[in-house]
Structures are given as C-alpha cells and as structure tokens.
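Student: Top to bottom, those sequences are chains Z and E. Using the UniProt record's numbering, read the first sequence as starting at 1 and increasing by one per residue. Using the UniProt record's numbering, read the second sequence as starting at 1 and increasing by one per residue.
Don't read these hints as lab results, they were simulated from the structure. Please note that a few of the clues may not be correct.
What the hints assert, rightly or not - No farther apart than 16 Å at their CA atoms in a straight line, the calculated lysine to aspartate or glutamate pairs in the EDC-like style are these:
no., chain 1, residue 1, chain 2, residue 2
1, E, Lys127, Z, Glu17
2, E, Lys101, Z, Glu122
3, E, Lys16, Z, Glu17
4, Z, Lys89, Z, Glu113
From a predicted model like this one, the values you see are computed outputs, not experimental measurements.
So you can see what is in the structure, the chains are spelled out below.
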Amino acid sequence: MTAAAPRSGEAIFSSFERVNAELFTLTYGAIVRQLLTDLEEVEEVNKQLDQMGYNIGIRLIDEFLAKSKASRCVDFKETSEMIAKIGFKMFLGVSASVVNWDADGSCCSIILEDNPLVDFVELPDTCQGLYYCNVLSGVIRGALEMVAMKTEVTWIRDVLRGDDAYELQVKLLKQIPEEYPYKNDE
Amino acid sequence: MIGAGKIKQYSNILEKPLSKGKQEVSLSAFAFLFSELVQYNQTQVDNIAELERRLEDAGYAVGARVLELLCHRDKGNRRETRLLGILSFVHSTVWKVLFGKVADSLEKGTEHEDEYMISEKDLLVNKFISVPKDMGTFNCGAFVAGIVRGVLDGAGFPAVVTAHFVPMEGLHRPRTTILIKFAEEVLQREARLG
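All chains should be built: construct the whole structure from the sequences, respecting the hints.
Tutor: Here you go:
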C-alpha cells in the first residue's frame, strides 16, 4: 500500500542518539515539582502539564514524520497503531498496544507497558488528583492536531493512582479540513 | 517488564527492585522536555539571574537524587570524604551515568585555592539551545551546575556552582565550564584531614 515501508520503531530508536532514562525521569520530576510549588492547585498543574505536552507535540510530529518516513494513514485505526508501535518506541523506547476499539472506530485505548516518566515516583496524599504523566496526553493531542485531527486524550488508568497499568483513551473528535491561506479566485 | 500478566503490584515503592540504569530514551525526547522547562521558567521570571537560579534549583533536586541512586547502586554505599574523591566521582561516575561519557576535563583553579572547573566541549543540555543576544551571558548549563551542586551538597561538600561559556579557538561553539567554588569549611576540613 505504500511505496517505502515505514521503518519499525525499534530500528529508528536504535539509530537515534539516546540519553539515560534516569536523567529524563529526574528532569521530568523536577518540572512537576516546580509546577506544584508555583501553582499549588493540582488541577492547574494538570492543565499546565497538558499545555507543555501540547507544545512538545506540535514539534515532535515533524521529527516523527521525518524519521519514520511514514506515509499518510488511511484511517484513525492506522494512526493509533503508528502512535503506539512507532511513536512511543521511537521517543521513549517503550512498547505500547492499542485495544478497546469502539463501534465506529473513533475511540481507542493505548496501554503502556512501561513508563520511564514514573520511575521512583510515589504520589503523596496531598496530590491525589494529579495526573503525573499528563504531558503524554498533551503530546498526543498536539501531534495529532498538526496532522489535521482534533482529538481528546484522557487517562483511564494510572498506576500511580492505584490501577494496574497506564491506559490512555484517544478519541477522535473531528478531522480538520486543510485550509488554504489564499482564495482560488484571487 | 514484559509478560502477559498484570504488572506485579508493590504496596510500598521502596520494595520495588531498583532498575539497573540501562534504560534509555531518545535524545530528542529529553531535548523537548528540557526546552519546555526553560520556556515555562521564562514565563515565570523577569530577569536572567532569576531564570538561571530557577534552572539551578531544578538541577539541584536532580543532583540530590542522583547522588542517592549512584551511591546505593554503583558505589555500594561507600561515602566519599576527600575533596578529590568527590570531584572525580562527579567528573567520572555522575557524568558517565547522566551523559554517557566522562567529562572532558577537570582542572584546579589557578587564582583561588577553592575553585575547580569541569569542562565540556558540547554539553548535552546546550546542544539544541541558542541564546539570543539580548539574554547576555545566560547559560542553560545552569541546570547542570544545579545537578553538581545537588550532588556536592548531599555529599557534605557545600559549594557555589555556576556555568560559563568559554570561547575556544578552533571550535565555533564555546566550551561550557562548570565552576565549583567550595565553601570555607570544606577546605578547612580537607586541610585537617591532611
């Protein structure tokens, strides 16, 4: 279906320059701590993390498309597979799987087996409403918005809150048609 | 963890086995995250000194934890008590774990007894950062300076640590130098230990 098959996530990950996951984990922890000290409200921190993720996502999509040489996805199912199999592997080095498709194919769950952001992390009682990994939902939302899909990404299960896995629900709200900045008859 | 079953639940995070530290993420993931850290802090401050201080504070927290982790995992809970010992720990072990290589050089300052410098040709955090002219001498290496300060403070060697750009001939990007100025008590203790 495609001229050149997109490279597998594993292959791209090994060709990337890599850094120690612990530096990444500790830096993320420092960011969350700074936000908690500045904003104090857990809801505000969740929103800010999502916003930061969104900013990362809109730039990350360029790198993803360039490095993975992926071609246009036919439908949302393929998009989610790309995110889970290639995207997560490329950047974080972890595998994810896509499950729980609903009837019309616009909503699915991505399950992360492993999450480098949360090594060494425990949520204290004062921060129980915190979605620690909310930056990931922002990244997916931002990245998909840049390829003309408006989505809503929410956390269904979070190990730090007592569940047994990390599950993100990605729901396609609508496809944004390409807008041209000039009119054809000018 | 690979497997078809549920991830084993640990009731207490302290009971979870410590990872070997071999897991990696892509450099771009870290670069994106670090750029968000800097951008967020830029919105919170009014001047450069404040921005550097906030980056340093973020790094300090990282450094304190890195010290605990490495002491337990790599050094078998042995504690460094000598100045040169802790400096070579930072220069080799800490740098190797965090950045994948030992630091380029470790030098003793010539003008002052209490100054030491760790230099790096291409610091990881500065790799994708360009500083606009109106920000003057701002250096994102302040984050790494904070990490070093966190490690030294946790080990009992209080110091003031800063990051500076040092232009070098032959390199079109300046070298980054982390300047460590130890507190008076550290030198006195060192002199007493002989």
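Student: Each of the hints needs a verdict: does it hold here or not?
Tutor: Evaluated hints:
For the given pair, Lys127(E) sits about 12 Å from Glu17(Z) by alpha-carbon distance, which is consistent with the 16 Å threshold. A distance of roughly 30 Å separates the Cα atoms of Lys101(E) and Glu122(Z); the hinted pair therefore is violated under the 16 Å criterion. For the hint linking Lys16(E) to Glu17(Z), the alpha-carbon distance of about 29 Å lies beyond 16 Å, and the restraint is violated. Our distance criterion of 16 Å between C-alpha atoms is met by Lys89(Z) and Glu113(Z), whose separation comes to about 11 Å.
Checked against the numbered hints above, the structure violates hints 2 and 3; every other hint is satisfied.
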